[in-house]
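Engineer: With chain C fixed as given, assemble chain R onto it according to the hints.
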Amino acid sequence: MPITFPHFGSLTYVFEVVLRELQRKDILFPKKPSKKTSELGSRHSPEFVCTPFKMTLGTFIEMLDEGATELGMGGGNAYCRFGYYWPVQKMILEDLGYDNFRYIMLDFLHPLRIWKVLKEESNGCSYLQTLRAFRIAWIKNRYTDLVDKMLYKYRALELEKGLSEKIANQAFRLVVETEGLRNIKKLEKKVIDLFEQNVPIREEKDPLKIVISGEIYVVLEPSLNVDVHRKLNELGVIVESTPTLRSFIDVGHKLNPFITMHHQIARKTAQPYLQHRCGGEAQENIGEMIIYKNKGWDGMVHLYPFTCMPEIITRSIAPQVSREHDMPILSLVVDEHTGEAGFQTRLEAFVDLLKRRKMETN
Amino acid sequence: MKEKHFSEKISSIGKTENKRKKTALRVGFPRSLLYYKFHVLWTVFFETLGAEVIVSPPTNKEIKDVSVKSAPDEDCYSTKLYFGHVLYLKDKVDYLFIPRFSSDHKTDISCPKFIGLAEVLRSMFPDLPPILMPYYSKAKDGHGNIRLIRIAFSLGFKFTRNPFRILHSFVKSFRRFKQYHDDLYISEDELRRWERNEFVFNKTISTTNKTNPFKIALVGHSYVINDSYSSLSIKEMLLAEKVEIITSEQLPRSVIEHQMSKLDFNMYFRYEREILGTVMHFLENETVDGILQLIVFSCGPDSIGGEMASRFSRRKQNVPLLQLTLDELTSESGVTTRLEAFLDLIERRKKLKENEIICP
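Line by line, the protein sequences give chains C and R.
Okay, so the first sequence: first residue is 1 according to the numbering used here, each after it adds one.
Okay, so the second sequence: first residue is 1 according to the numbering used here, each after it adds one.
No lab work stands behind these hints, which were simulated from the structure alone.
Take every hint as true, because none was put in to throw you off.
Okay, the calculated beta carbon distance ranges per label pair:
#1 R:S261 <-> C:D227: 38 to 46 angstroms
#2 C:K31 <-> R:F125: 45 to 53 angstroms
#3 C:E94 <-> R:E332: 35 to 43 angstroms
#4 C:L255 <-> R:E188: 42 to 50 angstroms
#5 C:W115 <-> R:I357: 54 to 62 angstroms
#6 R:I54 <-> C:P272: 26 to 34 angstroms
#7 R:E332 <-> C:G67: 45 to 53 angstroms
#8 C:P222 <-> R:A240: 53 to 61 angstroms
#9 R:P126 <-> C:P222: 32 to 40 angstroms
#10 C:D227 <-> R:T336: 45 to 53 angstroms
On a predicted model such as this, the values are computed, not experimentally measured, just so you know.
Each residue gets a CB set at the ideal place from its N, CA and C atoms; glycine is no exception.
The following block holds chain C by itself, in its conformation from the complex (with noise of 0.2 angstroms):
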């Protein structure tokens, strides 16, 4: 019984290393997704339905015709639309005449009903096994944030154009072949090591710093947004993306009373502006905005996929914010018809004007 999963940026090998943990040894990886996914996945979708459903059910067409039976998915009730992904996608390739696949549905709002499916889904392990791998898991991913992170700092400085991404493959494939929790550990410092001795860069006294929030599947994943980090990291421009599936899998840091997770002080950094919760990111990236603003940081890219229901408020209210903590922000919107030269013509403007304001504030 292949199993197989979307494509979702680097949280692909977070996937890969639960799937491994699980001793699971049917796993089908995702192709990466390409023009011809995204025109599959619209012609089979409703019409107005967000951008991530058409993308992630182009991903299961693909590889349902190359034998995968099993589809990993999110759901839950999370505000948004996203709980109904695997219901509607079921109907719709049942439609198309596939019958020999199940959906496995993961509640990423519960650890407790994820840890469950988990064991249900393992290649017989016992609860305690699974723990340790869904543990595994969180600690992971971790450190492939911290890959993506160092990987949007040297790209933009790099002085042998390629290199970085290089090493940031070898440092994925490192996180996800570790083994042992204490080799786990250490991988911190590895991965920073890894990226200083074999990345040189140029020196730049101050270079412009953007941060990407928005929806996490726009934003994590570069074939969809048509790769804004690396675009802006093109430009000699140092990137950070916000939103992390941490905030929702990392139970070991939301049981900890000693640490504050990123996204808990974006939300209450929000408060004045948008009080409670909305689904989506809508909460965390209005605090973001304010955040990076206090840290220093130059604009901000809000990145959301057409009709998302959440962010649309978060667009709707990032003005207000935007004129009061003076951070400039620029939204884009993402859908299938999305076209580079677009998106790359007004980030060079965006990238251009920041660039004033910076040497008029200097």
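Structural biologist: Same frame as chain C, but now just chain R:
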């Protein structure tokens, strides 16, 4: 002489009323979105408190033009209209009442936009009057009756200092709200009798007529069905065509819950349950001649519910389903044409069915 005295008395009454009204604070309800679900509750509550309730007029062209111009361009059509209603009320009220309502059920929620709407408006139009925005969410924050009473008091003290008056209006409004629901929802027994053609809702149809009228289930959000401008007065059009309508609002809750229990997942959008439940009920029982679903463009829950409805109807093809997507650019003539075609289709199907019965 007597008459004069009487008229003076009347005018003096009017004067005192005017004086009282001048001091009464005015609360504005935009006639859009949740207003159509909760108008009885809110109106009774604020009126008993002694506030003057001002409701924006039913959507008209002016309001639509303002909303399309001022609202974020990606919001759904109904949310856009909300902006127009709010801007209409802007200078006419002391308070705007825009609750941040998430859910009144243990697990089911409503559209996330309802939570953010008040804050979005405050942020986009800083010159709005103060907005009353109580937050209530049973599903996500476990709010219960105590929270409701706290909301009532925090709202009430803005209008009166008498706590008993607040409590009175709280109890009265909820009693009237329950009464309103009892009147709105038909019972299962009534539904069965309606399905057997024993009575009709449409008063223009004479019951003595032997041929049964067309029966159409009109399905959609209550803020679409009841807003005749945004739904291009489809309801009125059907009523004038002597079509018997049942709406998704009216259906007994037990029927909807029964249909929802057949799904292998929890349909957690509260108002989408109503819509999908109605569609599924009539697809299963085949007691109506057609189902007409009104979808608002770029509505999140509808994109899911509409797709499910269309796929269910494709699997069970005995009752035709027409889905109309409405937005600010929809033309009335286009809708009329499709509606007429739909009615013709129903008529032909009906005739075919009758012929089959006569000569099988």
